[in-house]
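S.K.: Protein chains in written order, with my numbering: chain A, 456 to 662; chain B, 456 to 662.
Rather than coming from a laboratory, the hints here were simulated on the basis of the structure. Every value quoted in this text rests on a predicted model; they were computed, and no experiment measured them. Just so you know, not all the hints are guaranteed correct.
[To be verified] In the DSBU-like style, the derived pairs of lysine-lysine whose C-alpha atoms are separated by at most 30 Å in a straight line are:
| no. | chain 1 | residue 1 | chain 2 | residue 2 |
| --- | --- | --- | --- | --- |
| 1 | B | K578 | A | K486 |
| 2 | A | K461 | B | K505 |
| 3 | B | K560 | B | K578 |
| 4 | A | K541 | B | K578 |
| 5 | A | K507 | B | K560 |
| 6 | B | K560 | A | K461 |
| 7 | A | K503 | B | K612 |
| 8 | A | K594 | A | K627 |
| 9 | A | K560 | B | K505 |
| 10 | A | K486 | B | K486 |
| 11 | A | K612 | B | K486 |
| 12 | B | K612 | A | K489 |
| 13 | B | K549 | B | K578 |
| 14 | A | K560 | B | K461 |
| 15 | A | K486 | B | K507 |
| 16 | A | K590 | A | K627 |
| 17 | B | K560 | A | K612 |
| 18 | B | K662 | A | K486 |
| 19 | A | K486 | B | K549 |
| 20 | A | K486 | B | K590 |
Here is what each chain is made of, one letter per residue.
Number of protein chains: 2
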Amino acid sequence: MDSINKLINIFRNFPTVGPRTASRFVYYLLKLPKQDVDELIFAIHELKNKVKLCVSCFNPFEPFDTAQGRPAGELCPICSDNSRNKNLLCVVEKESDLLSLENTKKFIGLYFILGGAVATMRKEDVSQLRLEELKNRVKENSFSEIIIALNPTPEGKATSVLIESAIKETAKPPAPKITHLAKGIPVGGELEYADEETLESALEGRK
Amino acid sequence: MDSINKLINIFRNFPTVGPRTASRFVYYLLKLPKQDVDELIFAIHELKNKVKLCVSCFNPFEPFDTAQGRPAGELCPICSDNSRNKNLLCVVEKESDLLSLENTKKFIGLYFILGGAVATMRKEDVSQLRLEELKNRVKENSFSEIIIALNPTPEGKATSVLIESAIKETAKPPAPKITHLAKGIPVGGELEYADEETLESALEGRK
């Protein structure tokens, strides 16, 4: 296979990328000045060498420089930020969900990245989740509230049930309050385009 | 800026990629085994070092191995394929359009990649196109037919007019027949969803 098709095949494995987009990426790189391509390669190197997962929430982050003899931190900037409310935990499926919530600047607690959501309770599916890590986190801390912020999809719902019972099993008394994100009409959305389940949730959650 | 955000910013410049997709790419790379990341970097290196543009149609291609003392070819596999009809030229906007047409396996002529389409006749826009290269190609060959296969968009239409007159100016007699791709209802499409212009074209082109 020539290098064009080899790279197209690699890009096809990127999330959301189909064969057409993959070849557009390759044509884009072909036209890109050498300096920009070098920068891309350097940034990928840096990403793989410098970034690690926070031992507490599993968010990827870049530890502080160790040049000054300080040991690299094991905790991400959110987990090591003393101004945040450490009694509040928000469980999300993936890194980008954490980012979306952070961007609202309205959540001052801590996070836990579960690593996905599962449609079935089969062992091989469930083992993909950081369920044991979540249990340990809950066991070792006394949260007053745990927000389950998984997607309102069938997988998200099934996984919510799973982790809710896992939390109840492991949490030390007093048991943390377990809450879920509100479901309803998205802001700017219109009733006539909302599906029945969303409308039902919007009605139930009215206040 | 940390390496996560640096790489997100680089990916945001890729075609069709927004901030959300860019961060998904970065999280994907973070999870990818080191070996696969090395393969990606190697493939990008190979692409930039091995691929060159065909001097005739400007399609990127990988010249044959020069290990056996043969000079690397200046022509892509399509342009150097003697079984193709060299009297037939098809002008497309970009590389992926060439690929789409090749995938039909119904076109046996040669191509010319114009490098885009322009909305205005401003000099700085027009200079982005390979207009001089197209003129030279037309001057040095005697095509019996030139198919203008630009997109049926406003830019494509404006550019078609431009290159049609450029071809007429430069082509040696006998003048090549200039044709355009048919416009109409896409196969599998439905009349009720077609816009007026498409329907008009479909009516005009009926046979």
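S.K.: Would you mind marking each hint as holding or not holding in the structure?
M.R.: Now for the hints, and whether the structure bears them out:
1. For the hint pairing K578/B with K486/A, the CA-to-CA distance comes to about 21 Å; that is within 30 Å, so the pair holds.
2. Between K461/A and K505/B, the direct Cα distance comes to roughly 12 Å. Compliance with the 30 Å bound is thereby established for this hinted pair.
3. Restraint check for K560/B and K578/B: the C-alpha separation of about 36 Å exceeds 30 Å, so the hint is violated.
4. The straight-line distance between the Cα atoms of K541/A and K578/B is roughly 61 Å, outside the 30 Å bound, and the hint therefore fails.
5. At most 30 Å may separate the alpha-carbon atoms for a hinted pair to count; K507/A and K560/B exceed this at roughly 48 Å.
6. Our distance criterion of 30 Å between C-alpha atoms is met by K560/B and K461/A, whose separation comes to about 22 Å.
7. At roughly 46 Å between alpha-carbon atoms, K503/A and K612/B are farther apart than 30 Å, so this suggested pair is violated.
8. At most 30 Å may separate the alpha-carbon atoms for a hinted pair to count; K594/A and K627/A meet this at roughly 6 Å.
9. Distance hint between K560/A and K505/B is unfulfilled; the C-alpha atoms sit about 47 Å from each other, more than 30 Å.
10. The straight-line distance between the Cα atoms of K486/A and K486/B is roughly 28 Å, inside the 30 Å bound, and the hint therefore holds.
11. The suggested pairing of K612/A with K486/B holds, with an alpha-carbon distance near 25 Å, which does not exceed 30 Å.
12. A threshold of 30 Å between alpha carbons decides the hint, and for K612/B with K489/A the separation of about 33 Å lies outside it, so the pair is violated.
13. Distance restraint check for K549/B and K578/B: the Cα-Cα separation of roughly 20 Å lies within the 30 Å cut-off, and the hinted pair is therefore satisfied.
14. The hinted pair formed by K560/A and K461/B meets the criterion: a straight-line CA distance of about 22 Å does not exceed 30 Å.
15. Distance hint between K486/A and K507/B is fulfilled; the C-alpha atoms sit about 11 Å from each other, no more than 30 Å.
16. Our distance criterion of 30 Å between C-alpha atoms is met by K590/A and K627/A, whose separation comes to about 11 Å.
17. With a CA separation close to 47 Å, the supplied pair K560/B and K612/A exceeds the 30 Å bound.
18. Taking the CA atoms of K662/B and K486/A, the gap is about 42 Å. The hint is violated against a cut of 30 Å.
19. Distance check on the hinted pair: K486/A and K549/B sit about 12 Å apart at the alpha-carbon level, within 30 Å; holds.
20. Of the pairs offered as hints, the one joining K486/A and K590/B holds, with about 23 Å between alpha carbons and a cut-off of 30 Å not exceeded.
Hints 3, 4, 5, 7, 9, 12, 17 and 18 from the list above are not met by this structure, while the remaining hints are.
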